[in-house]
Amino acid sequence: MISLIGFSGLILSFIFNVIVIVSYYYKINQRFNHIFYLALYCSLFFMCLSFFALMFAYISSDFSNFNVFQNSHSSKPLLYKITGTWGNHEGSMLLWLLIMSLYNVFFSFNITLEDHVRKLTIVFQSFLYLCFSLFVILTSNPFLVNSIDSNEGLGLNPILQDPALAIHPPVLYIGYVGFSLILSLALAGLILNQLDNLWIQVIKRWAMFCWLMLTGGIALGSYWAYYELGWGGWWFWDPVENVSLMPWITGLALVHSLMITKQEQLLKRWVVFLSILCFSLSILGTFLVRSGILTSVHSFAADASRGIFILILFLTITGFSFIIFILKSPHSNKQINLLFINKTSALIINNIVMLIACITILLGTIYPIIIEVLTNKRMSVGAPYYNSTVLPILLPGFLIMSIAPMLSWQSNKLDKIKNYIYILIVISILTLLITYLTKFNIWGFTGTILGLWIIAASLLSILHNCLKYKFKKFFIYNNALIAHMGVGIMIIGITFSSIFQTKNNFTIQTGEIVNSGQYSLQLKNLKIEEKNNFQELLGIFLLHKKNEFLTTIKSSKRYYYVSKVITTEAGIYHDWFQDFYLVLGNEKNNKWSITIYHNPLVSFIWIGVMIMIFSGMVGIFKR
Amino acid sequence: MNKIFLFVPLILVMLISIFCLVFLLQGKDPSKPPSALLYKNLPDFDIINLFDDADVISNKDLKGRIMLINFFASWCSPCKVEHPLFFEIKKKYPNILLIGIDYKDKQEEAINYLNTMGNPYDYVGMDNKGLIGLELGVFGLPETFIVNSKGIITYKHLGPLTKKIITNEFAPFIQ
Amino acid sequence: MNLHLSSNKLVLIIFNLLILLFSTIALSDEAIDDKVKKITSNLRCMTCQNQTIYDSDADFSKNIRQIVRQKLIDNQSEKEIINFLVARYSEYIVFTPQFNRRNIFLWIFPFLIFALSFVFFIFRLKKNPTKQ
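Protein chains in written order, with this note's numbering: chain A, 1 to 623; chain B, 1 to 175; chain C, 1 to 132.
A couple of the hints might just be wrong.
Listed below are the simulated SDA-like cross-link pairs for lysine to any residue, each with C-alpha atoms no more than 25 angstroms apart in a straight line [unchecked claim]: (1) LYS377(A) to ILE393(A); (2) LYS40(B) to ALA171(B); (3) LYS62(C) to LEU131(B); (4) LYS3(B) to THR316(A); (5) LYS328(A) to ALA171(B); (6) LYS80(B) to LEU154(A); (7) LYS473(A) to ILE403(A).
The hints are simulated quantities; they were obtained by calculation from the structure and are not laboratory data.
Because the structure is a prediction, the values reported are computed rather than measured.
Excised from the complex, chain A in its bound form (with noise of 0.2 angstroms):
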């Protein structure tokens, strides 16, 4: 019954899109206005009755839905019976939709543009959702009947069954699918040629949100893999990392060179190719990642039916796109203030740098594609491939991000310059003496340096507009320097944590103490416990330092009865310059394997992700 509803929402969703469509092509008539607005609200509305028919479904355990009866179990908490629903493929897929209709409904709402430019907007994002809607019913339904009669479900995938990754696919979701909007605004004004100041400011905002959500889902993603995975990290350059990190790339790159356009009134078409290629790689990240052509630790059931049918989508959608940005590229204006350094040539250098990265993950995420097609051989290409070509790629990018504070926007003429020189100077021999009295590392000095930099220029540009304008309009003038000093923050914790991280090995008794570093540890007890879904073997250790009682740690590991995978959940102790990570293993004579692995500075990437937040939330809100 409940699947039945849910179905019918869908269809009718769709059924409700087409009218959206062909209404606008008979929109002389001032009737068919309130048609089209009349059908877009009441696509959502059967979008939103269909999602939650298969949420109800998910909560009340209804076992006759498939899909249902694929990915939940009566025996599963409320919250992730909820959040079951887009756990899965199918699932996550109606969300996609939900979500894409959520961005049409609250789009149309948006004053600002002009009324015919809106609703081409309008229509190719119904377009869009056609087309993913079309993807859904013909090969992902999730409301299939369950041909057989069963009171008891398969479970969810326990890895799943997580607060951070419950509510990561909603957020991650609301970046990755916003930038379809993203699309069809750069569409909307290629085709009818009004890519003017209103279409900057509207898109600018929008992208700024998708951008904002897709860093926030990232960075949940993140922190899940690194308390969840008890591998000690926190990004593997895993491929369904990476393919979520290049329309990030693209989204990062797209907000910045909207900044120039506003300055310039130029460069729009690059930022019309930005704003198309974020979207076509968030389709090809779906495409790879629900192909199950590649292998990742965050896997979705593989499906080539699925894949082709996505890489159709992928190919009709960018290919058209691309196919309108060759016709109607607008003229480019070569007047472009390109001064040997300003604010804009900083800008376009930094752009380039973030396509050529977005650029090169493409290439090693899908070059053992090719090969293999081609030889027929199997190859890897995993971090140390990205880690030696990305980060010295990036290495400019950041640089440039350093001096960009004393950079103006019309002229050659350096700001202030003496007391950045100095100030540069300044940190860099301190960082220099102390990490060659310490640990010498050059990547470690190298981030650091570049770090500290980007923080003091952006703190001493903050300081300087402070004193010019009294704290006046302060977030106007220095929102994004207090993005810049996020990015210095989280450079500084990635260089620290993936740099000076240590790992040891120990195996140890009930109550015996090991020492590592400055922090010694004691095995108290082991408990098994048996919870609703899961067993629970739990090891309590008692954390000193120097003598001192920090705190209890609690590492487990967990069996799900249901679907009997073993999971790990890490025990960590934040402490504000280092984590202290325990992953407990596997016993031998009466003595546990424990892995320790000592992560200075991680809380400073986390720190400098939510002050990026933060900035890009004040970017979208001031005026």
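Please arrange chains B and C on chain A, whose structure you already have, making use of the hints.
The following block gives chains B and C in isolation, referenced to the frame of chain A:
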């Protein structure tokens, strides 16, 4: 000049799509990497007979016949699934040499296993340290290799065999 | 027999002896640990999903870690060990794509377009009329 640049993204999109499409249509499975030893000579190794520790043969002595080498173990549950199929292979292709290699297993448990499940192999070798497995790049049981009469590995299958695989994929290598 | 050696020759002999000495002395435990870490964090655990052998707790990984350690104790070089594993488990097992003809494009391309766009940028700068 500038116009040409505009076409670059479109061409890239086409290329990526074509490669991915070919990959998908060829039915490649990302979880099953092709073997490094395919179309190479079978490496030399000595095999100790599972039923008789004193009986050691070298695979060099076995050249000249088509060999099917199957890695199994008593602890491996998918192996049990494919086990009966070897009797069928035996019946259908009597001229090939069926070699079973007991991988990282205890001798008595393996003997027990073969006694209860039946022994379709012409020769069962013991590899309790996984050394032969290492030579052949075995990492997940069961794995099956076909070696032609010249001693070249012509086929490798990862995971349990099925009837379909035997009729569709084995045929050209076994006859 | 003339035992008179020039000081030059003496230095050379001592130097050679030293090299011989150091090459035969087995690596210390800690050095081996470091090398095992370095090698295995570049290897894929074939039975896991995208995890390195260094990080993984799977049987396969433990086994390979042991093999790598044993080979290091036997004084094999990193390259020999990697080649040994690649010959058996295919190139798929190494996370760093090998620097050969097939992968040259993969390694060169990012830096090539980087250099090209840099040149292009400079070129555009020069063409640009500088207005102060």
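Evaluated hints:
1. Of the pairs offered as hints, the one joining LYS377(A) and ILE393(A) is violated, with about 29 angstroms between alpha carbons and a cut-off of 25 angstroms exceeded.
2. With a C-alpha separation of about 20 angstroms, the suggested pair LYS40(B) and ALA171(B) falls inside the 25 angstroms cut-off, and the hint holds.
3. Of the supplied pair hints, the one linking LYS62(C) and LEU131(B) holds, its CA atoms being roughly 14 angstroms apart against a limit of 25 angstroms.
4. Between the alpha carbons of LYS3(B) and THR316(A) the distance comes to roughly 22 angstroms, so the proposed pair stays at or under 25 angstroms and holds.
5. Proposed proximity of LYS328(A) and ALA171(B) is contradicted: the alpha carbons are some 56 angstroms apart, above 25 angstroms.
6. The hinted pair formed by LYS80(B) and LEU154(A) meets the criterion: a straight-line CA distance of about 24 angstroms does not exceed 25 angstroms.
7. Of the pairs offered as hints, the one joining LYS473(A) and ILE403(A) holds, with about 23 angstroms between alpha carbons and a cut-off of 25 angstroms not exceeded.
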